[in-house]
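2 protein chains.
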Amino acid sequence: MHELRKDPLLNRWVAVMADSKAPGEYNLPDDVKESGCKLCSGRESETPSEIAAIRGNGSRPNEPGWQARVIPSANPILQIEGELGRKGIGMYDKMNSIGANEIIIETPEHNKKPEDMGFEQVVKIVTLYKERTADLERDSRMRYILIYKNSGKEAGAIYSHPHSQIIATPIIPKRVKEELDGAKQYYAFKERCIFCDIMREELRYGHRVIFETKNFVAFCPYAQRFSFEFWIVPKRHSCAFQDITYDETEDFGLILSSLMKRLGAILKNPPYNYIIHTAPNRIPRRDHWHTLGEDFHWHMEVMPRLTRVSGFEWGSGFYVVTTSPEDAAKYLREV
Amino acid sequence: MHELRKDPLLNRWVAVMADSKAPGEYNLPDDVKESGCKLCSGRESETPSEIAAIRGNGSRPNEPGWQARVIPSANPILQIEGELGRKGIGMYDKMNSIGANEIIIETPEHNKKPEDMGFEQVVKIVTLYKERTADLERDSRMRYILIYKNSGKEAGAIYSHPHSQIIATPIIPKRVKEELDGAKQYYAFKERCIFCDIMREELRYGHRVIFETKNFVAFCPYAQRFSFEFWIVPKRHSCAFQDITYDETEDFGLILSSLMKRLGAILKNPPYNYIIHTAPNRIPRRDHWHTLGEDFHWHMEVMPRLTRVSGFEWGSGFYVVTTSPEDAAKYLREV
Chain Y
15 MHELRKDPLL
25 NRWVAVMADS
35 KAPGEYNLPD
45 DVKESGCKLC
55 SGRESETPSE
65 IAAIRGNGSR
75 PNEPGWQARV
85 IPSANPILQI
95 EGELGRKGIG
105 MYDKMNSIGA
115 NEIIIETPEH
125 NKKPEDMGFE
135 QVVKIVTLYK
145 ERTADLERDS
155 RMRYILIYKN
165 SGKEAGAIYS
175 HPHSQIIATP
185 IIPKRVKEEL
195 DGAKQYYAFK
205 ERCIFCDIMR
215 EELRYGHRVI
225 FETKNFVAFC
235 PYAQRFSFEF
245 WIVPKRHSCA
255 FQDITYDETE
265 DFGLILSSLM
275 KRLGAILKNP
285 PYNYIIHTAP
295 NRIPRRDHWH
305 TLGEDFHWHM
315 EVMPRLTRVS
325 GFEWGSGFYV
335 VTTSPEDAAK
345 YLREV
Chain G
15 MHELRKDPLL
25 NRWVAVMADS
35 KAPGEYNLPD
45 DVKESGCKLC
55 SGRESETPSE
65 IAAIRGNGSR
75 PNEPGWQARV
85 IPSANPILQI
95 EGELGRKGIG
105 MYDKMNSIGA
115 NEIIIETPEH
125 NKKPEDMGFE
135 QVVKIVTLYK
145 ERTADLERDS
155 RMRYILIYKN
165 SGKEAGAIYS
175 HPHSQIIATP
185 IIPKRVKEEL
195 DGAKQYYAFK
205 ERCIFCDIMR
215 EELRYGHRVI
225 FETKNFVAFC
235 PYAQRFSFEF
245 WIVPKRHSCA
255 FQDITYDETE
265 DFGLILSSLM
275 KRLGAILKNP
285 PYNYIIHTAP
295 NRIPRRDHWH
305 TLGEDFHWHM
315 EVMPRLTRVS
325 GFEWGSGFYV
335 VTTSPEDAAK
345 YLREV
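Chains as they are written, first to last, in our numbering: chain Y, 15 to 349; chain G, 15 to 349.
Don't read these hints as lab results, they were simulated from the structure. Keep in mind that this is a model prediction, so the values were computed, not measured. Even for Gly, the Cβ is constructed at its ideal location relative to N, Cα and C. Don't take every hint at face value.
As the list claims (entries may be wrong) - To give an idea of the interface, some chain G residues facing chain Y are shown, with a C-beta separation under 8 Å as derived from the structure:
1. Arg74
2. Gly102
3. Tyr106
4. Leu160
5. Glu205
6. Ile208
7. Gln238
Stated by the list, open to error - Chain Y regions said to be covered by chain G (calculated; three or more residues, Cβ under 8 Å):
8. 19-25
9. 29-35
10. 163-173
11. 237-243
12. 314-325
Bound-form chain Y, shown alone (with noise of 0.2 Å):
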């Protein structure tokens, strides 16, 4: 079974798988082999069972006839059963690679990208995000459920099949407790939401603002790590990505279907990831983290992959932008 071990001087958690790579199975750089796509349609008695779908009348589970799908992963990082089986060994930590990994296949055609099929398309793909986060969620041993998209072998796409991720993992991830501990502080300071500061902010200035619908903004954060990177923020305060009511929903499929195409436009379909940063689980734990209802609000973060991290970015965690947020989001409003 991998194993989830925590380094013990940042606190971050890091999965090892069990089976060893050998040296020479490292696909250097250039190279996503694929010998026909199991995610496209017709093809689905080859991957594992669908655990949810949204599919026209009278299709079947596992058979053609979906217009997106869930399936569990076929090499999962963490496995669904068994114990968490925490303890220390020596001075260090560890615990089993318990949680889940699903893939959203985000259209039955392979060369179609669900932002070119119309905004409804767009709206179908995010109410899975919706009901898998929702049902994730009541797992007591997952404390953390991610939803991620990489697009493009840059981006670390495993599939070049439109798809997205879900992971439901036993820990808080470092990254996610970080801006849960910032928001935290600015709100034991400010007694207000940052998230919603930054938006009032960023609707006061403009520059940074690519365009807002009924229920969202999206804007190029002022410190942006990556160029062109944008956030997609909903107006009313919720800390969790699951409470989207039905209206929003659809506004959100629409604001990101739109972003989606700019995006794709004006830098020619780069290589891309989006995530989704949500409260922790709630259900059915009732920890200090239950009080955040107040000071977290779930957003989504875009970064598209135009230059490559080097040895000064991961030694000091400083990024370099080559594009400035306002002009980035000038390009994505004007295109």
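Let chain Y serve as the given structure and place chain G on it in line with the hints.
Chain G in isolation, oriented as in the chain Y frame:
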């Protein structure tokens, strides 16, 4: 002038370049263009004037005859002239992009890796690292000096000529501050240096140790981020790299050149980064970081870049290791 901006949520600084690149100027993934290498011996007049060098008898600055050479970066992120000018702007913080960026040219010849030229060449490079760090530390505007190397375009290298870089920053970078805080916390709890404890634990257990010399231990860390990552830690407790003795410098050159040869052999010259983490600047500063003498311990982290970082890692700070550190150490030990 470029500007430094602070993320209000994560307290991370980023550098925003003054002249924004347009979307069409991003050379996507595969192209490091190099029309003749200016770092090669014989083209000294085409580089900025050298800051330091190790030269054969009788050779003069900015002429051939050098064995290793330091020049200012031609496209610096941070510039050496000016005031910090730290100020607020709305709810945000910024300052001028003050600092230093230097390039260490590791060999006069383009196609010779320093580790293949005998460990004496690596000793020369380490000597320049030490000299430059000691010199830059005297600038009271600088808080931190980071030495790093990018080798291979997948690791962010902008030249294919062997080189490393030094950057001096007016803030303590986030990633470094996390390490300092982690080490301080451990020290408060145990009254021992965490790096000394880790080194003892690794030597006791043995399976993650690659090898040791008189003054250094090289091992794959228990919770590594990157497969085949390893650390080189000095046996003598010392917070500052630039306090390395003459004997230790020789020994460090020896262990580093041996390890880089091993890494190159088993993984066929993979892209990699390395960084040196040392204490923040002590001169002329006398603030709370000054207590670091006891709780921090300088070291080098070497990170092969065998897989691509995806939305999962960006969103979570959680890494997946596909070759266990025990197996990686065995490969590196036995090659």
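Check: Quick one, is the G:Arg74 hint okay against chain Y at 8 Å, beta carbons?
Finding: violated (32 Å)
Notebook entry, point to check: How about G:Gly102: closest beta carbon in chain Y under 8 Å, or not?
Noted result: violated (12 Å)
Margin query: How does the segment 29-35 of chain Y fare against chain G when you require at least three residues with a CB closer than 8 Å, holds or violated?
Written below: It holds: at least three residues are needed, and the segment 29-35 of chain Y offers 5 whose Cβ sits within less than 8 Å of chain G.
Checklist line | Cβ contact check, 8 Å cutoff: the segment 237-243 of chain Y against chain G, three residues minimum | finding: holds (count 5)
Check: Given G:Ile208 was flagged as interface, is its beta-carbon under 8 Å from a beta-carbon of chain Y?
Finding: With a minimum Cβ separation of about 6 Å from chain Y (threshold 8 Å), the hint on G:Ile208 holds.
Item checked: Given coverage of the segment 19-25 of chain Y by chain G, checked by CB-CB distance under 8 Å (3 or more) -> The restraint on the segment 19-25 of chain Y holds, since 7 of its residues have a Cβ under 8 Å from chain G and three suffice.
Note to self: Next item in the hint list is G:Glu205. Is there a CB on chain Y closer than 8 Å to its CB?
What the structure shows: Violated - the Cβ of G:Glu205 stays beyond 8 Å from chain Y, reaching only about 15 Å at its closest.
Note to self: Just to be careful: measuring from the Cβ of G:Tyr106 to every Cβ in chain Y, is the smallest value less than 8 Å?
What the structure shows: holds (5 Å)
Note to self: Under 8 Å is the threshold here; is the Cβ of G:Gln238 close enough to any Cβ of chain Y for the hint to stand?
What the structure shows: holds (7 Å)
Check: At a Cβ distance under 8 Å, does chain G reach at least three residues of the segment 314-325 of chain Y?
Finding: This one holds; 8 residues, not fewer than the three required, reach chain G with a Cβ under 8 Å.
Checklist line | Restraint outcome when G:Leu160 is required to lie within 8 Å of chain Y by C-beta distance | finding: holds (5 Å)
Next item on the list: State whether the coverage of the segment 163-173 of chain Y by chain G holds or is violated, taking the criterion as 3 or more residues with Cβ-Cβ distances under 8 Å.
Entry: n = 7 at 8 Å, threshold three: holds.
Of the numbered hints listed earlier, those contradicted by the structure are 1, 2 and 5.
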